[in-house]
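Participant: Take the sequence shown: its position 128, counting from 1, is numbered 128 in our numbering, and each next residue is one higher.
No lab work stands behind these hints: they were computed from the structure.
Hints may be right or wrong, so weigh each one.
Restricting the straight-line Cα-Cα distance to at most 27 Å, the calculated cross-link-like pairs of lysine-lysine (DSS-like) are [stated by the list, open to error]:
id	residue 1	residue 2
1	222	196
2	196	248
3	174	196
4	254	196
5	222	248
6	254	174
7	222	174
What follows is a set of in silico ranges between Cβ atoms, one per label pair, in the way DEER data are often shown [stated by the list, open to error]:
id	residue 1	residue 2	range
8	98	147	29 to 37 Å
9	130	38	12 to 20 Å
10	20	139	28 to 36 Å
Quick caveat, the model's predicted, so the values are computed rather than measured.
Don't be surprised by glycine CBs; every beta carbon is placed ideally from N, CA and C.
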Amino acid sequence: MKKTLLSLVAIAFASFAFAQNCTPDPFYTTPGVYPDSATGLAPAYVGVPYDETITTITPVDTCIVLIFPPCTVIPIDSVVIDNFSGLPTGFNVVSLNENNLNFVFPGGSTSCMRITGTATAGQEGTYPISVSGLSWATVFGVPTSQPFNVDYYSLVIMAATGVEELSTTTFSVKQNSPNPFSTNSTFEYYLPTAGKVSIDVRNVLGELVYSESSNANQGVNKHQLNASNFSNGVYFFQINYNNNIVTKRFIVNK
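Turn these sequences into a full structure, and let the hints steer you where they fit.
Facilitator: The structure is reproduced here in structure tokens:
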């Protein structure tokens with residue numbers, strides 16, 4: 001009997017884990033939503049599968065002034081998203097364990113949402129996204145809700161990466177491809193004359209996570225980004241050539 005019960009529990013747990021639609025980025029530990037307003041969503045490219053994870057960390061409690069200061073600590077029961085609008089046709093959003101709205105994030109939980117889809121020709125442009133719902137808390141034993149609205153996200157759809165051309169007269173850098181990626185991605189850059197090139201990779205906090213310098217040839221050069229030691233998230237690579245710096249943004253999604 002005990003073995004049967006343990007087997008059922010193991011199967012149930014495995015089924016739950018398998019059903020998860022996304023994985024929160026362990027890099028983030030402070031309550032909030034990531035990427036934040038300063039970073040924004042990664043751009044989508046025509047013909048390239050898009051896969052962006054939004055990590056959500058819901059606070060355990062909040063402090064509000066009920067009548068007179070000081071504030072009173074109120075436990076947060078949950079944050080419920082009942083609207084996620086603005087995504088272009090062919091794109092979809094799910095949460096950790098929910099395939100359709102409403103998305104429920106209990107107080108004190110770390111969770112995620114995942115946007116997927118593939119843009120088609122003619123969809124190029126900027127799509128403002130609106131996310132809204134209710135924050136629930138228990139105030140003196142009474143469930144109380146507060147509406148919220150997040151409107152700082154936009155999904156930018158750009159022409160296929162293959163359309164981007166390097167200048168053949170001045171220093172220029174292409175966006176890496178594929179992007180997002182899990183292990184390796186490649187970008188090209190053009191140098192009008194041979195010279196030393198420095199390549200730095202920084203995370204969203206501006207911390208240097210990779211750096212190298214090398215002598216590159218005149219003309220088109222290729223460089224491979226290796227994300228095997230990077231956690232999921234947004235990064236920036238910078239190329240410095242003769243004090244001219246070009247910065248590009250990329251996503252690691254394993």
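Participant: Please go over all the hints and tell whether each is borne out by the structure.
Facilitator: Hint by hint, here is what the structure shows:
{"no.": "1", "hint": "222 - 196", "result": "holds (14 Å)"}
{"no.": "2", "hint": "196 - 248", "result": "holds (19 Å)"}
{"no.": "3", "hint": "174 - 196", "result": "holds (18 Å)"}
{"no.": "4", "hint": "254 - 196", "result": "violated (32 Å)"}
{"no.": "5", "hint": "222 - 248", "result": "holds (15 Å)"}
{"no.": "6", "hint": "254 - 174", "result": "holds (23 Å)"}
{"no.": "7", "hint": "222 - 174", "result": "holds (10 Å)"}
{"no.": "8", "hint": "98 - 147: 29 to 37 Å", "result": "violated (20 Å)"}
{"no.": "9", "hint": "130 - 38: 12 to 20 Å", "result": "holds (19 Å)"}
{"no.": "10", "hint": "20 - 139: 28 to 36 Å", "result": "holds (32 Å)"}
Consistency note: the structure conflicts with the earlier hints numbered 4 and 8.
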